[in-house]
Amino acid sequence: MSAGAISPLNATSGSALLEVRCVAKSFGATQVLKNISLQIAAGEFLTLLGESGSGKTTLLRLIAGFEQPTSGEIWMSNERLDTLPPYKRRVNTVFQNYALFPQLNVSDNVAYGLRVKSTPKTEIAGRVEEALRMVKMPQFAEARPATLSGGQQQRIALARALINHPQLLLLDEPLSALDANLRKQMQSELKALQREIGIAFLFVTHDQDEAMALSDRIALLRNGALEQIASPREIYSRPATAYTAEFIGQTNLLRGEISNGVVRCGPLQWKSSEAGGAAYDWPLGAAASVCILLITVSLLFATERLEKRWSFK
Amino acid sequence: MTSASSHQRSPFLTAYAVLVFAFIYLPIVVLILYSFNRDGVGGFPPRHFTLDWYRQLFSDSAIWDSVINSLLVATASVALSLTLGLLAALALDRASFPGKSLFRRLVLLPLILPGIITGLSLLMFAVFAGMQLSLLTVFLGHGTALISVATTELFAGLQKLDRAQEEASLDLGATPWQTFWRVTLPNLKLSLIAAGLLIFTLSMDEIAVTFFLIGRDNTLPLEIWGRLRRGITPEINAISTLIFAVSVALIVIWYRLRARTTGTQTKELLERP
Chain A
1 MSAGAISPLN ATSGSALLEV RCVAKSFGAT QVLKNISLQI AAGEFLTLLG ESGSGKTTLL
61 RLIAGFEQPT SGEIWMSNER LDTLPPYKRR VNTVFQNYAL FPQLNVSDNV AYGLRVKSTP
121 KTEIAGRVEE ALRMVKMPQF AEARPATLSG GQQQRIALAR ALINHPQLLL LDEPLSALDA
181 NLRKQMQSEL KALQREIGIA FLFVTHDQDE AMALSDRIAL LRNGALEQIA SPREIYSRPA
241 TAYTAEFIGQ TNLLRGEISN GVVRCGPLQW KSSEAGGAAY DWPLGAAASV CILLITVSLL
301 FATERLEKRW SFK
Chain B
1001 MTSASSHQRS PFLTAYAVLV FAFIYLPIVV LILYSFNRDG VGGFPPRHFT LDWYRQLFSD
1061 SAIWDSVINS LLVATASVAL SLTLGLLAAL ALDRASFPGK SLFRRLVLLP LILPGIITGL
1121 SLLMFAVFAG MQLSLLTVFL GHGTALISVA TTELFAGLQK LDRAQEEASL DLGATPWQTF
1181 WRVTLPNLKL SLIAAGLLIF TLSMDEIAVT FFLIGRDNTL PLEIWGRLRR GITPEINAIS
1241 TLIFAVSVAL IVIWYRLRAR TTGTQTKELL ERP
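Protein sequences appear in the order of chains A and B.
No gaps in the numbering here: position 153 of the first sequence is 153 in our numbering, and each next residue is one more.
No gaps in the numbering here: position 264 of the second sequence is 1264 in our numbering, and each next residue is one more.
Hints are supplied without guarantee of correctness; some may be wrong.
To be verified - Distance ranges between label pairs, derived from CB positions:
#1 B/1011 to A/52: 33 to 39 angstroms
#2 A/51 to B/1163: 19 to 25 angstroms
#3 A/147 to B/1065: 48 to 54 angstroms
#4 B/1162 to A/77: 30 to 36 angstroms
Claimed, not checked - Example chain B residues on the side facing chain A (calculated, C-beta under 7 angstroms, incomplete):
#5 1164
#6 1165
#7 1167
#8 1168
#9 1171
#10 1172
#11 1173
#12 1174
#13 1175
#14 1178
#15 1190
#16 1194
Please keep in mind that the hints were generated in silico from the structure rather than gathered at the bench.
From the three backbone atoms N, C-alpha and C, an ideal C-beta is built for every residue, glycine too.
Required output: the full structure, derived from the provided sequences and hints.
As structure tokens, then:
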């Protein structure tokens, strides 16, 4: 896969906080993840993007420890992670439907991770207060989760996951249950929070806009395989495959074909070596049809670039 | 209620409803009335109100001994069957092991088997094991026979449980054991109370299995049964009235608990005029 060559972060292994090595996962006869390898750097915001059924949630659950990989390994800070039970892993999760404990009030929910480790009471009180302040919910300490709105429950779930000071926070479609306005607001707050506390976020979503807005890098999954992993700008402007281009940009795709080193697309044609530029491996000489991408970062910019790189005849 | 008032009420339907309710509740009403009748079960219609039968009942130590025996057996049976039933339900819900479907059917068997079969087989087992028939054998009989009730009820509760909560607990660093006590059990509270009340009631009025396993000390139903053979006395009416009152109280408590934990739906049903 050409994805590896594109991402500079993927090539360096020394700075990785978490490393997924050739992980595959099958449920019975269904293969959900196929040979996934990726790395997360400390403090990075990495998004697992993909349609439903692409395996992104499964990968998250493998890292959290709720599922075991069929093959492959997961490492965190030079320590093997996939052999540890979930309660011994130094990662915490924000669940899709928050999974707050209904029988406990907000501060008891947030304190849970400290209580089960017999943290001194005085320390718990301070850290709960700090966590609630961080998500701007200190006035709700005594409330029951059921009395809170979706957005408020979301914040409590965040505070509860962050109180253990994890180095990596896993977020499983945390914003998908919120309405559009609240979503936008939570997106920016989430990003600000991540910058503030400086820990790595692994964020699962099916929403490419969300991924573009939040991420340092995006890992696009398709049918359990890694399609491309790159920064938002790069994945948008230099999609490795037609699928990526379509999924990320929803951009205009034109069908064309290659023969004798010439790409033809209706009345347009140019040499494939020119068209390919630096980013693509054209299947030279193949009769297969290819997709031609018109990148519209800005119309002017795109036209300029197209004129520069590809000469229309 | 709004739909009923907007339609013409059929007099036949009303009469029919009255008859059905009379058929169900009239015997109970008669039983209660006669427990307050000075002339005992003979005189009709009841004329003179009295609490004599209750006075007599409260000084009848044999009855109260049997009530205490029944309470002991029922409480111990609830504890035994809930413990074993919870373990069985957990196994059925979470574990996968060879012979699981057979196990599921075997656990439910006592629910389907006639009490005579269960009682007789337990009696033979007790004899085989060389156990003296006593309240202990009655308790073991009730406890094991009612595991099936506990298992079904708790299995249903486990199926409804939000697994993400248990995962959240593990994720936050709680061991499986801590998770069980802090998340799983509190979530099962309602099912545990429901199963407990049901098992308690079933044990309190169990006759068939008890009959085979009873030693010298009677349980309440067997005491009443024994006295009935000597004829119905107003004292029996009095104790039956008390049992009825306790049962109604238990049902009300149960509905209240349910309404509080599951929202307003049941409560509305109960409190609608």
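Evaluation of the provided hints:
For residue 1011 of chain B and residue 52 of chain A, the hinted distance range of 33 to 39 angstroms is not satisfied, since their beta carbons lie about 59 angstroms from each other. Between residue 51 of chain A and residue 1163 of chain B the CB atoms are about 24 angstroms apart, so this pair conforms to the stated range of 19 to 25 angstroms. For the hinted restraint 48 to 54 angstroms between residue 147 of chain A and residue 1065 of chain B, the CB-CB distance of approximately 50 angstroms keeps it satisfied. Checked against the hint of 30 to 36 angstroms, the C-beta distance between residue 1162 of chain B and residue 77 of chain A comes to roughly 32 angstroms, which is consistent with it.
Taking 7 angstroms as the C-beta cut-off, the interface hint given for residue 1164 of chain B holds, the closest approach to chain A being about 4 angstroms. Look at residue 1165 of chain B: its Cβ gets to within about 5 angstroms of chain A, closer than 7 angstroms, so that hint holds up. Among the interface hints, the one on residue 1167 of chain B holds; its C-beta lies about 5 angstroms from the nearest C-beta in chain A, closer than the 7 angstroms criterion. Interface hint status for residue 1168 of chain B: upheld, as the beta-carbon distance to the closest one in chain A is roughly 4 angstroms, under 7 angstroms.
Nearest Cβ of chain A to the Cβ of residue 1171 of chain B: about 5 angstroms, under the 7 angstroms cut. The hint holds. Using the Cβ-Cβ criterion of 7 angstroms, the hint placing residue 1172 of chain B at the interface with chain A is satisfied: the shortest such distance is roughly 4 angstroms. A cut of 7 angstroms between beta carbons decides the hint on residue 1173 of chain B: the least distance to chain A is about 5 angstroms, and the hint holds. For residue 1174 of chain B, the interface hint holds, since its Cβ comes within 7 angstroms of a Cβ in chain A; the closest pair sits about 4 angstroms apart.
Annotation: residue 1175 of chain B was flagged as interfacial toward chain A, and the flag holds, the nearest CB pair being 6 angstroms apart, inside 7 angstroms. The restraint placing residue 1178 of chain B at the interface with chain A holds, with a minimum CB-CB distance near 5 angstroms, inside the 7 angstroms limit. A distance limit of 7 angstroms between C-beta atoms decides the matter here; for residue 1190 of chain B the minimum to chain A is near 11 angstroms, and the interface restraint is violated. Of the supplied interface hints, the one on residue 1194 of chain B is violated, with its beta-carbon coming no nearer than about 17 angstroms to a beta-carbon of chain A, more than 7 angstroms.
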